[in-house]
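Chains as they are written, first to last, in the working numbering: chain A, 130 to 424; chain B, 130 to 424.
Hint data in this document are derived by calculation from the structure and do not stem from the laboratory. Wrong hints could be hidden among the right ones.
[To be verified] Simulated crosslink set (DSSO-like; lysine-lysine; CA at most 27 Å straight-line):
(1) B:Lys-152 <-> B:Lys-272
(2) B:Lys-272 <-> B:Lys-158
(3) B:Lys-315 <-> B:Lys-179
(4) A:Lys-179 <-> A:Lys-216
(5) B:Lys-347 <-> B:Lys-315
(6) B:Lys-417 <-> A:Lys-272
(7) A:Lys-347 <-> A:Lys-216
(8) A:Lys-417 <-> B:Lys-417
(9) B:Lys-272 <-> A:Lys-417
[Said to hold, decoys possible] Some chain B residues close to chain A (C-beta under 8 Å, calculated; not the full set):
(10) Trp-279
(11) Ile-382
(12) Tyr-401
[To be verified] Pairwise CB distance ranges (calculated):
(13) A:Leu-418 <-> B:Asn-390: 15 to 21 Å
(14) B:Asn-390 <-> A:Pro-308: 21 to 27 Å
(15) B:Thr-353 <-> A:Asn-134: 27 to 33 Å
(16) A:Leu-418 <-> B:Pro-181: 56 to 62 Å
(17) A:Asn-390 <-> B:Pro-181: 44 to 50 Å
(18) B:Asp-307 <-> A:Asp-150: 56 to 62 Å
Predicted model, so just to flag it, every value in this text is computed and none were measured. Think of the CB as a built atom: it goes at the ideal place given N, C-alpha and C, for glycine as much as any other residue.
The residues making up each chain are set out below.
2 protein chains.
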Amino acid sequence: MSTPNTLNAALLQISHGDDIDAKLSAAAKQGAHLIVLPELHDHPYFCQTKDPQHFALAESIPGPCTSHYSQLARQHSVVLIISIFEKTNTRHFHNTAVVFDTDGQLAGRYRKMHIPEGPNYYEQYYFSPGDLGFEPIQTSIGKIGVLICWDQWFPEAARLMTLAGADILVYPTAIGWDPVDDEDEKQRQLDAWIIVQRAHAVANSLPVIVCNRTGFEKDPGGNTSGIDFWGNSFICGPQGELLGSLNATQSSILSARIDLNRTDEVRHVWPYLLDRRIDGYHDLIQQKLTNRIKK
Amino acid sequence: MSTPNTLNAALLQISHGDDIDAKLSAAAKQGAHLIVLPELHDHPYFCQTKDPQHFALAESIPGPCTSHYSQLARQHSVVLIISIFEKTNTRHFHNTAVVFDTDGQLAGRYRKMHIPEGPNYYEQYYFSPGDLGFEPIQTSIGKIGVLICWDQWFPEAARLMTLAGADILVYPTAIGWDPVDDEDEKQRQLDAWIIVQRAHAVANSLPVIVCNRTGFEKDPGGNTSGIDFWGNSFICGPQGELLGSLNATQSSILSARIDLNRTDEVRHVWPYLLDRRIDGYHDLIQQKLTNRIKK
Chain A
130 MSTPNTLNAA LLQISHGDDI DAKLSAAAKQ GAHLIVLPEL HDHPYFCQTK
180 DPQHFALAES IPGPCTSHYS QLARQHSVVL IISIFEKTNT RHFHNTAVVF
230 DTDGQLAGRY RKMHIPEGPN YYEQYYFSPG DLGFEPIQTS IGKIGVLICW
280 DQWFPEAARL MTLAGADILV YPTAIGWDPV DDEDEKQRQL DAWIIVQRAH
330 AVANSLPVIV CNRTGFEKDP GGNTSGIDFW GNSFICGPQG ELLGSLNATQ
380 SSILSARIDL NRTDEVRHVW PYLLDRRIDG YHDLIQQKLT NRIKK
Chain B
130 MSTPNTLNAA LLQISHGDDI DAKLSAAAKQ GAHLIVLPEL HDHPYFCQTK
180 DPQHFALAES IPGPCTSHYS QLARQHSVVL IISIFEKTNT RHFHNTAVVF
230 DTDGQLAGRY RKMHIPEGPN YYEQYYFSPG DLGFEPIQTS IGKIGVLICW
280 DQWFPEAARL MTLAGADILV YPTAIGWDPV DDEDEKQRQL DAWIIVQRAH
330 AVANSLPVIV CNRTGFEKDP GGNTSGIDFW GNSFICGPQG ELLGSLNATQ
380 SSILSARIDL NRTDEVRHVW PYLLDRRIDG YHDLIQQKLT NRIKK
């Protein structure tokens, strides 16, 4: 399939409760070809606490949520990446991103492979680890390597999407500060998060789109100080260069023009992928320091 | 072996021709426990051109070069990381880092695994790919994961050193600008290089030391505009936070105090390594986009 060389990418950095449909419409009117929503955008970030009632938020695919966004993708003629708490037809649960093409067709889905578990982020209580691997999703604007939040910390995930032919890496996320941390720690955490994702662009010579939540959400369990979602969504090119970024508190659309040909130019100058030492990488798939052994 | 919790790390960002021994002595007098030299520091960066005469620069281990630096490590009672064009006793050639412990003993060596090949960096002409894998080297101050220059672009390398127990990642490098590139491209390249290495710290929760050359070196073959080595050596902590850095042109010692306990604290907050999906990583060791197939 022939793909365009440049595209207008947009993301919606939103707080829970924002009018997503209106913002989608506005982004489309600005000329977006691709629109990204943050992780689990239709709900408060319920994983702050372990509550069996929250399983009622899960939906099948197709279902009301995907029907709604499918229609919006078609109506606006955009590639749209949404995030959903998925219940499978065998009654399992995943943290899933769904990609709609410009005609509203479901182009594919990605089930979050790396699931966090810790204070304020009890995702292993809700979600099974993804079972579809690291496969980019073909759309009319290119192959999109969708990864989700905690996947950000794993260069393996970005590399696998690249090896499988991704043209762009996209990260819907929901991450923020613990309000009790001091300002230095908050800055280090934010910088680490930005750096590691810009580095996925660098290491793979691909553009990267990161769409985070903003705004404070209290812990529904009342056990912690809640999460101050740190925004700072960004779009960068294949050298990690920022094409656009938002601050911590903006609830707004971020747009940037991505030149997919730039990846070729960068790979001509620094052709890392030719020099991978697969003969020396075997320990990457050995049981070392890893809890989840599912071979 | 019990290792100290904090250590004074130093690196020598030097131009070819600088008095390395004097700078080593100065760094030791400042209290360094660990001193890092840049890639192939005893020679001009001869890989700018393919010239069979340059093979005469290769040395065996042990040999005059390692004897010299072994004595300096013992004399100053520092762990010392040097970089050498190694000729093996079977007449093969490697780009090798050697680590001496504080008593001058050779603690171990690392042979550069990823070898670049392109204008100004014809390393595949000179060096066989490393054959010792990604093994950190045990010293009296901890296990040091030494990687070399082009290895910087491969998150796989940093991860493998981490899985094998590294306490610190160290990159001796020799990288610079093509003087004919415009300023925007130069800035993007430098930023990419800094970001990707700070991200190795982030993704692995380890401190990282990067020691680069500075100064201009002409192409001995006369075919290109030479290399303007871009310096910018740095030391960062396990969240990628800069503990110290130099600019492009400083020929000087950079020192920073590294707290190895900080790695524990960071891994308690963001314990990525527990959540690796080794069951989904198999394609990392498949022949995809890779020239060097040596299974």
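Each hint, compared with the structure:
1. B:Lys-152 <-> B:Lys-272: 25 Å, holds
2. B:Lys-272 <-> B:Lys-158: 24 Å, holds
3. B:Lys-315 <-> B:Lys-179: Roughly 25 Å separates the two Cα atoms, so the pair holds.
4. A:Lys-179 <-> A:Lys-216: 17 Å, holds
5. B:Lys-347 <-> B:Lys-315: The given pair, whose Cα atoms are some 18 Å apart, holds under the 27 Å limit.
6. B:Lys-417 <-> A:Lys-272: 17 Å, holds
7. A:Lys-347 <-> A:Lys-216: Judged against 27 Å, a Cα distance of about 25 Å means the pair holds.
8. A:Lys-417 <-> B:Lys-417: The given pair, whose Cα atoms are some 24 Å apart, holds under the 27 Å limit.
9. B:Lys-272 <-> A:Lys-417: 17 Å, holds
10. Trp-279: 7 Å, holds
11. Ile-382: 25 Å, violated
12. Tyr-401: 4 Å, holds
13. A:Leu-418 <-> B:Asn-390: 15 to 21 Å: Taking Cβ atoms as reference, Leu-418 (chain A) and Asn-390 (chain B) lie about 18 Å apart, which means the hint holds.
14. B:Asn-390 <-> A:Pro-308: 21 to 27 Å: 25 Å, holds
15. B:Thr-353 <-> A:Asn-134: 27 to 33 Å: 30 Å, holds
16. A:Leu-418 <-> B:Pro-181: 56 to 62 Å: Roughly 45 Å apart at Cβ, these two residues miss the hinted range, so it is violated.
17. A:Asn-390 <-> B:Pro-181: 44 to 50 Å: Distance hint for Asn-390 (chain A), Pro-181 (chain B) is violated at roughly 39 Å.
18. B:Asp-307 <-> A:Asp-150: 56 to 62 Å: Hint violated: Cβ distance 49 Å, outside 56 to 62 Å.
Hints 11, 16, 17, 18 from the list above are not met by this structure, while the remaining hints are.
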